[in-house]
Amino acid sequence: MGENKPRELFKERNQRVIDAISLKESDRVPITPEIQFYPMLQKGMTIKEAMYDSKKSAQAAIEILSALNLDQVPTLAGNYSGKLFDALQVKFFKWPGAADDNQRLADHLPFQFVEGEYMKAEEYEDFFADPTGFLLKNIIPRHFATLAGFAEIPGIGALANGFVGMLLLPLFIGHPNVQKFLKNAQELINTFFSLLGDWQKYEKDMKKLGFPIQYANVTQAPFDIISEFLRGMRGSMLDMYRRPEDLLKLLDLIIEPSIKITADIAQFFPKQKVVMIPLHRGAEGFMNFDQFETFYWPSLTQVMESLIENGLIPMPFFEGKYSDRFEYLTDFAKKHKGKLIYWFDQSDIIKGKEMFGDYACIRGNVPATLLITGTTRQVEDYVKECIEGCMEGGGYIVDGGLGIPNEAKPENVKAMCEAVYKYGSYRK
Amino acid sequence: MSNFIDEIVELNENKVIEMLKFKLDNNEDPLAIMEEIKEAMKGIGERFEKKEYFLPDLIMSGEILRQLFEMLSPKLKETGASEKKKGKVLLGTVAGDIHDIGKDVVKFMLDANGFDVLDLGVDVSADKFVDSMKDYKPQVLALSGFLTLAFDSMKEIIQKIKDAGLRKSIKIMIGGGTVDERIVEYVGADAYGESAVDAVNLVKEWV
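From first to last, the protein sequence lines stand for chains A and B.
Residue 420 in numbering that gives the first Met the number 0 sits at position 421 of the first sequence, with consecutive numbering throughout.
Residue 88 in numbering that gives the first Met the number 0 sits at position 89 of the second sequence, with consecutive numbering throughout.
Keep in mind that the hints are not guaranteed to be accurate.
Said to hold, decoys possible - Here are the simulated SDA-like pairs of lysine to any residue, each with C-alpha atoms no more than 25 Å apart in a straight line: (1) A:Lys272 - A:Asp330; (2) A:Lys248 - B:Glu12; (3) B:Lys50 - A:Phe288; (4) A:Lys248 - B:Met59; (5) B:Lys50 - A:Pro243; (6) A:Lys320 - B:Asp103.
Unchecked claim - Which residues of chain B face chain A? A few of them, derived with a C-beta cut under 8 Å, are: (7) Phe53; (8) Leu54; (9) Ile58; (10) Ile97; (11) Thr147; (12) Thr177; (13) Ile182; (14) Tyr185; (15) Ser194.
Because the hints were derived from the structure by calculation, they are not lab data.
Every residue gets a Cβ at the ideal spot worked out from N, C-alpha and C, and that includes glycine.
The task is simple: from the sequences and hints, build the whole structure.
Okay, here's the thing in structure tokens:
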């Protein structure tokens with residue numbers, strides 16, 4: 000292997016994905032699977048270990064993923080760290096190895112979201128009156144117990160008036176919860192930067208081997224932000240009936256800041272254009288078309304539109320089923336030809352190719368159930384069918400519906416990759 | 000007042016509460032009111048089957064029904080009547096998984112269709128399922144799971160049910176976000192439901 004080989008491979012692999020997004024046929028259909036803990040489990044680690052030993056995790060990911068000869072590899076920054084969760088005392092996840100008994104799951108389980116009404120229905124008014132103040136003082140302490148002291152931040156009277164501030168700010172800093180936080184602050188910072196270092200090193204190591212990273216930036220649909228981190232699923236859905244105006248106002252309020260933070264983060268990764276947008280509560284079965292049209296889709300498309308205007312490439316991940324929403328997806332894709340990726344889990348991508356394949360790059364969707372329980376032959380047949388149905392004119396990237404699931408059989412993962420090399424070539 | 004049922008089905012919360020107050024103030028027979036509510040639950044279930052109602056609507060109807068039952072139950076207790084159910088279903092999210100959205104929808108739909116449901120909650124172990132089967136004696140076991148790890152949990156639960164000699168006496172259905180027909184064979188269940196409507200139809204077929 001020549002000195003420049005990995006560098007050339009890096010460019011070639013990246014270009015393959017760029018071509019697919021731009022709806023151009025390159026030499027072959029690219030394959031870029033997402034992961035959660037598959038490589039770590041393959042190396043015999045428990046999920047607890049994977050969440051607490053970022054160096055060992057990175058090593059496992061490099062070893063397992065590089066052997067698959069992928070076109071792009073996942074970032075590890077999304078793989079969450081038990082150490083960071085502990086340092087912040089995260090309340091909206093449970094995970095293996097958590098220091099807090101209430102948040103702890105068994106060592107072999109992945110972290111899981113804790114559904115909760117983090118903001119009460121009666122608090123809409125407080126939110127609208129002072130969004131930043133409300134989030135700092137009321138929501139942050141509920142999400143992160145370490146930051147409970149934020150609840151003590153003095154009101155605007157003390158913050159605006161230097162004289163009052165001189166007296167009240169020391170009281171704030173002296174509050175036991177703030178003092179406790181300050182004692183542990185350095186440890187939190189160290190934890191974070193050490194993780195960041197490990198993640199960056201992983202990306203550099205992958206680059207040396209010739210593997211680009213898929214994406215570095217993530218945002219969410221405004222409705223999901225409200226439904227997951229503020230009102231809870233129950234609360235947000237009751238709001239559709241009981242206070243639709245408040246819900247719509249809050250959705251509106253969240254759009255611009257979401258775009259801004261995503262665009263700001265993108266500045267740190269000038270070469271990473273793709274923004275992954277995991278979608279949760281807009282799927283088939285969750286809400287009807289009216290509700291989808293009113294509360295879910297408009298704010299999401301506004302976010303995606305602005306990201307595109309900022310030169311970024313939105314990649315909504317349509318987890319679950321979305322086939323019955325394909326009309327909406329088609330309308331949006333038509334306006335943004337070659338500027339986005341639609342990643343599917345359990346939708347009918349062949350039908351999707353017919354409807355919006357000329358406008359949007361499709362990614363997916365080898366079923367998790369197939370990778371876990373199927374035979375290599377079944378996996379090969381499935382990938383072949385997807386490639387044959389979606390490859391024409393470019394615009395198709397192979398991945399699992401849920402990436403490579405933790406419990407996938409390694410022979411099936413290999414079969415998925417090999418099927419791409421076998422059937423994915425464009426004969427020019 | 001004949002549109003009490005319709006108002007419930009339409010999920011007009013304030014209107015429905017007001018109407019029930021009026022009925023109670025006028026000493027209407029609580030059992031007759033209960034029949035109307037049950038009729039309304041059937042109507043809500045039908046809208047769900049027709050894909051007009053989804054989670055927001057089920058959550059809202061759950062909220063309305065909760066308030067109605069709270070208002071009605073003191074009067075119902077006075078009558079001493081108890082209703083007869085069509086069959087028993089044991090339900091739970093399997094070990095390792097703490098998701099409950101899908102499970103709760105299935106529970107709602109089975110309730111609405113007149114079945115007796117014992118919900119064991121989330122992260123339910125094989126032993127707990129087996130013990131509950133012995134005590135509760137359901138005709139159907141419904142296993143829910145959202146994460147892919149649920150497949151192996153379901154498999155283990157069904158194995159333990161076999162080991163306890165209880166497999167022949169029960170029908171087992173599975174469901175949840177990532178579950179599909181491939182998993183039925185893998186775990187040794189009888190069927191899988193893609194939606195809560197499938198779940199109800201399976202139970203109707205089996206009981």
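Legend entry - Violated constraints from the hint list, given by number and in increasing order: Result: no hint breaks.
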